[in-house]
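Position chain W with the ligand relative to chain V; hints supplied.
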Amino acid sequence: MSVSVPEPLRYADRPEWNDVAPVEQYENVNPLAPIFYTNEYKDATDYFRGIIKTGEKSQRVLQLTEHIIRLNPAHYTAWQYRYETLLAIEANLEDELRLMDELAITYLKTYQVWHHRRLLMLQIRKPAPELVFIARTFQVDPKNYHTWSYRQWLLAYFNDANLWIGELDFVEELLNDDIRNNSAWHHRFFTVWQSGVREGEEDRERVLRRELIYVKQSISLAPNNASAWNYLRGILDHNSIPYQKMITFVQPYTLLLDEQVADLVDLENPPPSKSAHLPCASAIEFLADIYEAEGGNSMLKATELWKSLGNEHDISRKKYWEYRIREGLRAIQT
Amino acid sequence: MTKDFNLPPLARLAHAGHARRCLSGLPDSQIELDSGRMAVAFYCLGALDLLKMLQDKVSMTDRESWQEWIWEQHTRGKYGSGFRPSPFMTVSSEVERTTSYTDYDTPHIIMTYTALLTLAILRDDFSQLDKQGILLLLKACQREDGSFSTIPGGGETDLRTLYCAFVIAHLLDDWSTINLQNAFSFIASCRSYEGGYGQSAHCEANGGTTYIAMAAMELAPVSTTPLTALEKRKTIEWALHNQLESGGFCGRTNKLADACYCFWIGGSLKILGAGDLVDSRSLASFLASCQFRFGGIAKAPGEHPDPYHTYLSLATLSMFPPPVYENDASGSSWIFDPLDPLINARQETADWARKYIAIKH
Ligand SMILES: [Zn+2]
Chain V
1 MSVSVPEPLR YADRPEWNDV APVEQYENVN PLAPIFYTNE YKDATDYFRG
51 IIKTGEKSQR VLQLTEHIIR LNPAHYTAWQ YRYETLLAIE ANLEDELRLM
101 DELAITYLKT YQVWHHRRLL MLQIRKPAPE LVFIARTFQV DPKNYHTWSY
151 RQWLLAYFND ANLWIGELDF VEELLNDDIR NNSAWHHRFF TVWQSGVREG
201 EEDRERVLRR ELIYVKQSIS LAPNNASAWN YLRGILDHNS IPYQKMITFV
251 QPYTLLLDEQ VADLVDLENP PPSKSAHLPC ASAIEFLADI YEAEGGNSML
301 KATELWKSLG NEHDISRKKY WEYRIREGLR AIQT
Chain W
1 MTKDFNLPPL ARLAHAGHAR RCLSGLPDSQ IELDSGRMAV AFYCLGALDL
51 LKMLQDKVSM TDRESWQEWI WEQHTRGKYG SGFRPSPFMT VSSEVERTTS
101 YTDYDTPHII MTYTALLTLA ILRDDFSQLD KQGILLLLKA CQREDGSFST
151 IPGGGETDLR TLYCAFVIAH LLDDWSTINL QNAFSFIASC RSYEGGYGQS
201 AHCEANGGTT YIAMAAMELA PVSTTPLTAL EKRKTIEWAL HNQLESGGFC
251 GRTNKLADAC YCFWIGGSLK ILGAGDLVDS RSLASFLASC QFRFGGIAKA
301 PGEHPDPYHT YLSLATLSMF PPPVYENDAS GSSWIFDPLD PLINARQETA
351 DWARKYIAIK H
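As they're listed, the protein sequences go chains V and W. Residues 1 to 334 (UniProt numbering) make up the first sequence, in order. Residues 1 to 361 (UniProt numbering) make up the second sequence, in order.
Since the hints were derived computationally from the structure, they do not count as laboratory data. None of the hints are false.
Straight-line alpha carbon distances no greater than 35 Å define the calculated DSBU-like cross-link-like pairs of lysine-lysine that follow:
1. V:K216 / W:K232
2. V:K143 / W:K234
3. V:K126 / W:K255
4. W:K52 / V:K319
5. V:K53 / W:K131
6. W:K232 / V:K301
7. W:K131 / W:K52
8. W:K139 / W:K232
9. W:K78 / V:K57
10. V:K57 / W:K139
11. W:K255 / W:K52
12. W:K255 / V:K307
13. W:K232 / V:K318
14. W:K255 / W:K234
15. W:K52 / V:K318
16. W:K255 / V:K216
17. V:K42 / W:K57
18. W:K234 / V:K319
19. V:K318 / W:K255
20. W:K255 / V:K245
21. W:K139 / W:K355
22. W:K355 / W:K78
23. V:K318 / W:K234
24. W:K139 / V:K53
25. W:K234 / V:K274
26. V:K109 / W:K139
27. W:K78 / V:K53
28. V:K274 / V:K143
29. V:K301 / W:K234
30. V:K109 / W:K255
Pulled out of the complex, with its shape left as it was, chain V reads as follows:
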């Protein structure tokens, strides 16, 4: 059995549209980068221009704009007019949101899908179910920029304590799936240190301890993970803690596996896992930063580490490490 998709009926052939005069797109004789439209798209947009001319806002305009959006989800005027129509005819916006659930997944990477959703949410003002929906889309693409930015907007804009409750667990789930998902690490920072800071969490010391343990554990499982190192640096910077405080933790990661000293159970300073690829360039860089900040004689230790990065552990950034060496040496000469 073969299934053939019938060509949709032209608007020109639909009696319910015969009161609309289609308006063709105006093109110069020699257009720049013209797109060879399908007949279906041309027909639908001819009627859309016709509708705009009369200013009609009705149920059938919703059908027409949905049709255009499905053909070209980046047609921002179709979205704009659709939104105005929804408001003008007082359409049920929750129904619209359900339709958007499908379109958002089909056109995950199109900006307009998420912009429209944001406009709807400003009217509906029920952000909680949105978080559940977003979690579902992350099963398709857990790093989609638009989706993350929509989630961050929802949380920061509505900023309701209940909304934030599950956020940290949500991030941890995503990080359990993929420890290198930088979007999730970023969201963790946003939740723990920025907009997500809630009343009752004023005890930042406790939070800081928890986060340091978390990020160190994560590094111990997978040391070569720039996202985790960036998070570590991020929380130290944010809390004005000198990198020096991490020296006991960092040092083992700068050594080869067989140079590691005997296992001691130390929750504050978890050692690299047995399967780790060592030494870890991010750790060497971190340790060099510690020595650089100490200045004086430690600067020479820093330059040695930069040399090892440029020559051995991070060769593709050789020019950068040479620059750090020059800058470091200049600093101790002045």
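Then chain W with the ligand, alone, in the frame of chain V:
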């Protein structure tokens, strides 16, 4: 890491051919570009300009009629003047075209930026440009939080539009309708703990928007940049760490290399004065591997090419000419004129744009 591999030739002629073909027409599969055609025109003509093949590949008649097409997108109305992306919402009657636009066919800030650069590539004299009207459009599009919307009264607002508004003000040499203080605080709100910038407040650091933040702050007529030395260093470090072993840059931490991020992050480094820390040879080798055998450059090896990645790859090479050695086949194919990294055009084109678009001209 430099001399131990050969650089294949850059297929200049094939890439020019790709750009030329896209200017003549795009298949229906590219329908999502319908409301952004002016940008496609910019990438294609820009690629020919960088390759210095505009004269060879495009006849005088075509160049003139394309200029005319662009000017047909220049519209005036209650929010000021500017360019629309294409005639995708334009009705056919001559009378309607000459009266002011409706709310559904307004000029667009990003398209106005690309139209101005494209006209400069075509060496237009800008005598038809409603400069005062464009200043009004900038004002109409700036929001209270300092950001800019793509179209007056609505549309997307994020850092991209702010950058385009800044380039336009820079070319007009008139910042009187922009609230710089609010714009700067919007930029600052996009800074992430990683040292890069996100698309809007609270968002993850991304190469594209980091370039935009760097270029915008550098374009603005302020005596000192608002970044501390430490912040700059952090941004440089983040940017350099996004260059991967392949030589290509990824746009966010732990993502894959993509040709367009070679431009966005490379450009950020250039603006920050750290361009010479980039390994330009491995960068060129990555871009070489993104070449499509029938012309055009793709985002990554094995993918299909498009005007956006083709232009940005060539613009990257204009900023980071690789060192070439005797054993490289066609070393000369990698030589380009310098690029103005702030407005993203070949130096000579950028100078032309500044000269003819400035209000005092
Ligand atoms: Zn790309």
